[in-house]
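Make one complex out of these two single chains by using the hints.
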Amino acid sequence: MNYIGLGSKHKSRGVAANFIVKIVINNQELSVEAGSTVLEAARAHGIDIPHLCYHPALTPYGACRVCLVEVEKNGRKQITTSCTYPVGEGLVVRTNTEEVRAARKFTIGLLLSRAPEAETIKKLADEYGVEPGLERGEDADGCIRCGLCIRVCRELMGHEAIGFINRGAERIPETPFLEDNPDCVACGACAYLCPTGYIKVIDDTTRKISSWHKEEGLAECRECGRRFAPARLLHKVKENLRDLEISDILDLCPECRREKEIKTLNVVEDR
Amino acid sequence: MRGKSTTVQTISVAGGTCGMAAGAGEVWNKFARVLGENSPGIRLELTGCKGFCAMEPVVTIGDIFYCRVRPSDVEEILEKTVHNGELLERLLFQDDGKTCETRREIPFYQYQDRRVLSLTGEVDPVNLQDYLTRKGFESLKKALKMKGEDIIQEVKDSGLRGRGGGGFPTGRKWESCRNSQADSVRYIICNGDEGDPGCFQDRSLMEGNPYLVLEGLIIGGYAIGAEQGYIYVRSEYPLAVKNLEIALARIRAEGFLGRNILDSGFDFDIEIVRGAGAFVCGESSALMASIEGKIGEPRVKHIHATNRGLWDKPTVLNNVKTLASIPLIIGKGAAWFSSIGTENSKGTMIFSLTGNIKNTGLVEVPMGITLRDLIYKIGGGIPGGKKFKAIQTGGPSGGCLPESSLDLPVDYEALLEAGSMMGSGGMVVMDEDTCMVRVAQYFLNFTREESCGKCPPCSEGSLLMLKILDKFIAGNADEDDLDQLGAIGRMVAKTSLCGLGKSAPNPVLTTLRYFKDEYQSHIKGICPAGACPGLNQ
Ligand SMILES: Cc1cc2nc3c(=O)[nH]c(=O)nc-3n(C[C@H](O)[C@H](O)[C@H](O)COP(=O)(O)O)c2cc1C
Ligand code: SF4
Ligand code: FES
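Residue numbers (numbering that gives the first Met the number 0), protein chains in the order written: chain F, 0 to 270; chain R, 0 to 536.
Calculated from the structure, these hints are not laboratory results. We put the beta carbon where it would ideally sit given N, CA and C, even for glycine. Each statement offered as a hint is correct.
Partial list, computed: chain R residues near chain F (C-beta under 7 Å): (1) 447; (2) 452; (3) 453.
Chain R with its partners taken away, still in its complex shape (with noise of 0.2 Å):
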């Protein structure tokens, strides 16, 4: 029981894409509307996704949080919890039966470390003032003030590399964008494509704290010298749209953002670009292609974008996370940032948890955390009694890693020798009812149709490798269908034009490395999952 409180309490509805679809706007309205206009002493907000999907939609209460909130529910709530402060304990989190009081006890948040996402899902994201009395717009201030080179050498210091994909240190990407073609017109974009099926971390940053993204993406542009950005934002996207807009109007209204910001001599201003519609898309050269309003298709490029991207000026293009790590480093310094983390993967890394695994949603966690910890700390473990058979990181091209990988720490170099990689935080985890060949022929199958089909390694070398795994699904592979699989997957990611092409054959050639077995069983007939029909278990 606790004492009623005195001062103003806030009932936030967790109102992301996620929570909208699970019913939060059903709930806010009801809230809305038994509040009326003229409810002293309480606050009703609706922020971003608060990370933790499967409980949606969730209402939070200062620290009280409740779970799968049904509109029935909130004039219970309003009367008990919120003017006599007494637990609706039919709604709190439980835990192996163990009941939790306030979101601290959850383990899905105890374990967490939510710094770039401190404020997804705690602020209305498009209050401007919500953002400024939480400090928003304090880094852009320091900024302003340091020189270019000394920003960029915060940022080198901090050790942070990009969370998109390639894990490029972002102060080096930066520098080489400013040293490059004196006297250039330059750009900074902001990857917001997010293609990856089951990500939805940059959706939710931007949905969620906008500005926090503005922020960074404005303090990189004046670290390099552009005064014209970008942020690409998948079209699938509605609601990110939609915040983004509301407030880049704010923040330009207030002098953050166009002529002579906050007085500094500095011009910069930036447009939001819809998305084509493709994965490839959020490829480095298709994105600018598609936003020079050519067709979204990825060109080979041997000199870096730093020296000739967007229109043939250097460019810098960073992913959402990337850049919404920026206000945080020259906030806090360098040293803050990298004072976690492993030897070369400083900070934190946000992470979708999906697939079989109890708690799904929305992780900030340290680098160097090991997968074991993620999934059974954070996640809750694997439902229904099942044991763990693997997790697949990195998005559609990223390996799965078996059992024995559990310890590795979360680090780009680690993920990568172990044939996976950090990509842009994709998590699947897999029970033991998931047949591998089968998961190789489904992300495949995604690869295979997201290919833009101008070079035939990646279009059509997914083919064959799609056949070859037919016939293991049918029974009817052999030995030596093993050996060609392995031996076309080293040649797509050895001669494809893109990216895409490039790490298409990593769901294959982990499945070939670590569960091997499996495939062999195939070629006996068995399907040790039991999930091919026509074979034995």
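Bound-form chain F, shown alone (with noise of 0.2 Å):
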């Protein structure tokens, strides 16, 4: 069968899994899975679409407003954000029309005020051909206010240490009160999935996320003596895979680990 787009977490909508729907993209008759996005849907099958708030593990969210596309629903044409909007029987999907370019071309400019130094929106603006639709000078803070940082922070790692702050340009991410929210563990998580580079993580003898105002002691590898991970996001795992008894090796550095690995698999050959 030619679908695929598993692996999303927002997939079933109150529709049974593995139900077929037929769509049509850039008139392109295709399969999808009843409870997949549009996004989902082209992706799965490699028909690109820009998109900078969605992350296939998290909540759509709709806010970058970068996968516009136009959808045809019984005649009815709109541009719409193809991360939220879902698969149907017999929709009409166009990707990359003049009007989508342009719509694209617009909320891109709008990012690229935001975050003028960021590569991944300047490599969008390029191939837009955007300018910058503000001049910020200071206030361009770098920030898209895509939420990702939010989302992985409550969704998959579990804990609420930051959230927006403010409304409208104003808007940023931030912990309570500006201040370090012992909630906070410093996995980096949120780092890792910014589009823009915003969230900054420094490793030294400490951990430091600016950001989100924050230093955090890091753990010694029980090995090479190297400091590798926040000692509280260690515990915090070995607390999680308690059960699983491999807890002596999240005392080491992902080299010594790894080290470690192929000891016991030369042990295991030896034999």
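Here is the structure:
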């Protein structure tokens, strides 16, 4: 069967799994999984739609407005975000019309004025021939309010270390009271997903995440003594994996862990 | 001169939030003090708003309508009018030198058709007995003997459309909720968030006749098969909350609410939820998130709330005025309701008339009335002998219509085609001294401040437009800015996430459409209204 798109969290909207519907994307008839979004369906078929606030493991958010496409249903056309729009039998999607590209160009321009230095945005801007819509100067803080950091923290890490504060153009992800939040274990998942590099993780003898006013001690590797992971994060992981009896390898830095694994394998082979 | 009355006379003081702000509380206190505990033949009543804001504090005695009453007038009113039937000329409404002895003669009321508002300002808002003697809850009794489908059919036949913004047909909304997700729990919510600046229709109803709104909500709940209703009230409306709370407690005690309502087997209860204090919380998805205890922020929804709304259950969200129309439709029938209005806009609409207009206030008029009649007959025209310039309808994200649109009927489609909208019923009148570029700036600034910031077209796009408007106001704009402004406005409307951003450019787009010459004058360094400092007039 010609469909993929599994692995997404936001799948079943009350629709039986593996139920297939036919849609048309750019004149191509495709079988897609019911309950998936247009963006997921397109990705599953290798059709490229630019996106910034979407991540397959997180709830769709629809905020960056870059994944805009034209959808046509019952003869009615509209420009909408593909990351949130559910597929349905007979849906017709156009991902690359002049109107769609003009709309994306507009939103990319607005994002570029927020994050003029970010490589991801610059690349999109080049592709769409955009100049920043607003000259912000100092105000261009590099954050595009995509909310990936907040969602990954809440939905995957199970923490609520950060959230948006303020509204309108002043909206920004922050910790409560703009101070270190003990709920944050400095895992760095937020920085890993951040499309612009707004969140920076600096590891030295401690881990610093200045956006979240965070400084967290790093644990030493049992073998080589190198500091490699936030101590509290490690503690949390050990707690979670208590039943697996692998806690002794968790104290090792990735390199020592690999070495140990190789040794173990050798032992097994020697036998 | 009138004869002395022998029956009970009711002195009624309009005590809505607006009246109280104008001093109605002191007037009422004075009456109460002078009358004392025992005043046979006289009943003193504090009602909701009577609508004529420009004349507050208002006191009525039967048909007599006294304007701008001060506590110092109270003793004379009692002695002359109440005891001797004499009129106090100076307190009567004067219309161009003509004194109006009764309310009926006042043009502001003469051309209105107060149906939904018929009891607002006429009764003690929380006195259940008052409401009952005026056929209150008769419609609920009737509805409980009907099948849900039949109520919905009646509402469909009436042609009632949502009074909160989009004008979606109410009967169809109810039907789609009733028919989705069989066996599911359902909810009905009354939207009393009313964030539009200068609008107070919903407040006036909730304060002045809470039973009517609640009766509509209960009937709606029964029709769609809900057991729980919510009324979401703006946090800045303490009097509305208080009156609704009292009203809820009383109807619960009388069996109009709660388990087995009036022995019909229908269980239904209502909870008041206080708004989070942001304009955007009136938007459907943000409002429901807020009730769920989440951040009151719009969410992308391609599935209707009637299918998956509050807690993902089928949900109806209706405006206060929409629900307040329901008891009338059930009580008097769909045909009565739809006998007035235009082909696709039936019944009456309540507007807040504000701005450069003589008679500011709350008016209820038949759909289809022209803007001209609304402004000149009811509103009394423009004060100070000034010329009319524009009328903004539909709240901060409505459009500004010019003189040439004055013969448009008040009708959902007609207003939309003209680039504006019915919205929740805001109407701001502007005279010749108003600079339309500044008007666009003013409204856009409102939506910019209220933008939640989730999506860039709304939060950043409105900033972009404001920058360009600033250039016009400073006289630094060129023809290119004119094109840019329109292009950005259309893009913001097309690419924003929720209704706030989608409609935010309306004031800009309509002023560009109808007052383009004024923008062009600004390019030449001229502000025709003489409102922009540094520019010539
Ligand atoms: C930004 C925004 C603010 C809104 N505020 C209100 C409001 O204060 N009251 C209201 O009834 N509807 C408001 N609406 C419209 C509601 O989303 C919804 O359409 C309405 O309550 C439905 O009721 P109706 O069908 O009776 O009109 C708002 C919409 C938007 C986009
Ligand atoms: S359009 Fe405005 S109010 Fe609506 S989600 Fe976007 S930023 Fe928020
Ligand atoms: S990826 Fe769809 S709106 Fe951001």
